[in-house]
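Trainee: Sequence:
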Amino acid sequence: MWSELVRTWLLRWRSMAAIVLFPALCMLVLLWGVSTRDLGTAREEPAEGVYWSASQYQIQFGKLREELLAIASTPGDPERALPATVTQSLQLRVDILNSRTLLLTEPSAVRDRLLAVPGFEQHATSIAVFNQQLQNAVGATAVTPAQARALLTAFDAIDPTVESLANTARQREMDERTRFYEGLQQRTSFAWLAVALLVGWMVSMLVARRRDRRLAHERLLALEAAQDAKAALQRSINAKAQFLSMVSHELRSPLQVIVSSVDLVGPDTPADERRAAIGRVRRAATSMGVQLRDLLMIARGEAGRFEMNPEPFEATALVEEVAEVASHLAQEKGLRFVTASPSEPVFARADVQRIGQVLANLLSNAVKYTRSGSVSLTLLPPDAVAGTLVWIVADTGPGLPEAASRRLQVPVSRDEDLRPRSDGSGVGLMVVRTAIDHLGGTLAIDARSGTGTRVTVTVPVLFEQPDLRPSDVTTPGLVLVVDDLPDISDSVAAVVAHYGHPCHTAQSSAEAATLLAHHCYETVLLDLDMPGGQNGVELAAALRRRAGPNQCTYLVAMTAARPTLPAGLFDEVLIKPVEGSRVWWNLGHRSRVLTAASETAPASPPSGP
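At position 261 of the sequence shown the residue is numbered 262 (the working numbering), and the sequence of numbers has no breaks.
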């Protein structure tokens, strides 16, 4: 925890340095760049400058010299005194030159700056002596041409000193100003660099602020999405918990019927009571099987593993089979239950289990929510041109509300004021919608509140050819049932025997191979999932490869889940639980065996294994 606090503190101070110290440093560099402090003597020199003082002396020195030249060149007696006006003018020039000399010799800011000029003190001393001599010579008597010539000699002697002083002062001032402007240019460059860095920092801060705001917004959205997902997950968990609770009730109800009915059946139970108990057991088992199929279909649909299992069936028999359970429920509620089908059998191929689920759920909902009146199931004549079968489920109940019709993809929510609050897991219409979508069919609902509901189910099918339909009277042929569970093999064998066929059973692949080697079977019902040795697929493949009486036997696979099977290996696939009508169909559907009858040996006597 402490390491995290230290790291956070360092990051915070690093951010403060980037936000505060960096722009402050840029501002200091900018101020330093625009300031002329410490750039050399050029900034601190007097307004007239260093060279100006020396040049003023040089100018007056030249003017006085020119005037002396004019006096020296006056014609006539060289010792003759000139007029007073000339002497006064010369004296004025000498005074002006003397004032310029004082700029160089008297203490002042200009002299302080001139002291830095090389040789200034020597030059200033020489000039001061010269100036004193000049003042003494001009101020004593009137100036004559001869005196002017003598003074010019002194001027010639001091001229190099004056010239050197002026040139040196000028060069120094030029050097100082050059250094000043070079330093100023350098500082200006630093100032512009500071401005650029400051602008870059401001842009980066704006970009970082926008990025931070975007990230904060994205994090807020992510947080809201996470909260929504958490809430949705919690709702899903609650819904699944409620769903499992309702499913548990739905499964326990028929299970209770089965347990209670089995407890009542005994050796001393009257025949009528025994038949009634067996009927209740069958209806409860059928109801439980439908519910289990519904749950499996919902789970596979959510997992994206929904599988279709097309198989031949007879549509009018399907109507009777579905109506058997629904009619009993309707009678218990005092409702009339009506079915209507074509007079001729309708043979077709489709996923009959899914179609049965659709019809069973629609009938279950119709019976549950109808308080009085009737419920009907109608199969319309087949439409061979369109290749479809149409079923109509109608009731005289309260009618399906429009809002509920739009929610066929989700579990149905009941209207408490119109529908009972007891029984029903609410998965019915969701199963219907899922199955219809995968069957490629359509679902039309005509419902008005208070006048009943009419649901039209249209499913595309493949109508069977006449020569592929099962015969009405099957020739008893030997049947082999192979399943590793004795209860399953015995129960299926009992159904086969009920339809008049002799039957053998086997609980392993090895036992089945022995029977297949000694008998010629008309139909083999083979479980695919058998532990140990060969499984059902391997046994069937070996049977098809080996020449013998059972190479063309009609093979029916029995499995809990439809696997991917090699083409042509099995004639049909039955999904457990296997119903008697499916067994009957496959016992009669023997076109493949009849075609190969001339090549096979006669069936063995219907003896036991």
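Simulated from the structure, these hints should not be mistaken for lab results.
Quick caveat: nothing in here was measured; it's all calculated off a predicted structure.
Some hints could be false.
[As the list claims (entries may be wrong)] Once the Cα atoms are required to be at most 27 angstroms apart in a straight line, the calculated DSSO-like pairs of lysine-lysine come out as:
(1) Lys369 to Lys334
(2) Lys241 to Lys369
(3) Lys241 to Lys231
[Said to hold, decoys possible] Cβ pair distances, simulated, as ranges:
(4) Arg180 to Thr86: 33 to 41 angstroms
(5) Pro119 to Ile97: 22 to 30 angstroms
(6) Ala226 to Ala511: 17 to 25 angstroms
(7) Asp160 to Gln186: 53 to 61 angstroms
(8) Lys577 to Leu221: 30 to 38 angstroms
(9) Glu164 to Pro84: 31 to 39 angstroms
(10) Leu103 to Gln186: 35 to 43 angstroms
(11) Asp160 to Pro119: 14 to 22 angstroms
(12) Ser344 to Ala495: 47 to 55 angstroms
(13) Val386 to Ala226: 50 to 58 angstroms
(14) Asp160 to Phe191: 25 to 33 angstroms
(15) Leu198 to Ile97: 29 to 37 angstroms
All C-beta atoms, glycine included, are put in the ideal place defined by N, C-alpha and C.
Trainee: Check the following: the C-beta atoms of Arg180 and Thr86 are separated by a distance inside 33 to 41 angstroms.
Mentor: violated, 50 angstroms
Trainee: Using the Cβ atoms, figure out if Lys577 sits within 30 to 38 angstroms of Leu221.
Mentor: About 52 angstroms separates the Cβ atoms of Lys577 and Leu221, which means 30 to 38 angstroms is violated.
Trainee: Next pair to validate is Lys241 with Lys231; report whether the Cα-Cα distance is within 27 angstroms.
Mentor: Judged against 27 angstroms, a Cα distance of about 15 angstroms means the pair holds.
Trainee: Starting from the range 29 to 37 angstroms, see whether the pair Leu198 and Ile97 falls in it by beta-carbon distance.
Mentor: Once the Cβ atoms are compared, 56 angstroms apart, the range 29 to 37 angstroms for Ile97 and Leu198 is violated.
Trainee: Starting from the range 53 to 61 angstroms, see whether the pair Asp160 and Gln186 falls in it by beta-carbon distance.
Mentor: Given range 53 to 61 angstroms: violated, Cβ gap about 39 angstroms.
Trainee: 31 to 39 angstroms was suggested as the range; check whether the CB atoms of Glu164 and Pro84 agree with it.
Mentor: holds, 32 angstroms
Trainee: Is the gap between the beta carbons of Asp160 and Pro119 within 14 to 22 angstroms?
Mentor: holds, 19 angstroms
Trainee: Given a hint of 17 to 25 angstroms, does the C-beta separation of Ala226 and Ala511 actually sit inside it?
Mentor: violated, 59 angstroms
Trainee: Assuming the hint says 25 to 33 angstroms, is it satisfied by the Cβ distance from Asp160 to Phe191 or not?
Mentor: violated, 47 angstroms
Trainee: Can you tell me whether the CB distance of Ser344 to Ala495 sits inside 47 to 55 angstroms?
Mentor: violated, 32 angstroms
Trainee: Go ahead and decide if the range 35 to 43 angstroms is satisfied by the Cβ distance of Leu103 to Gln186.
Mentor: holds, 38 angstroms
Trainee: For the pair supplied as a hint, Lys369 and Lys334, confirm whether the alpha-carbon distance does not exceed 27 angstroms.
Mentor: Satisfied, since the Cα-Cα distance of roughly 9 angstroms is no more than 27 angstroms.
In summary, the structure is inconsistent with hints 4, 6, 7, 8, 12, 14, 15 from the numbered list given earlier, while agreeing with the others.
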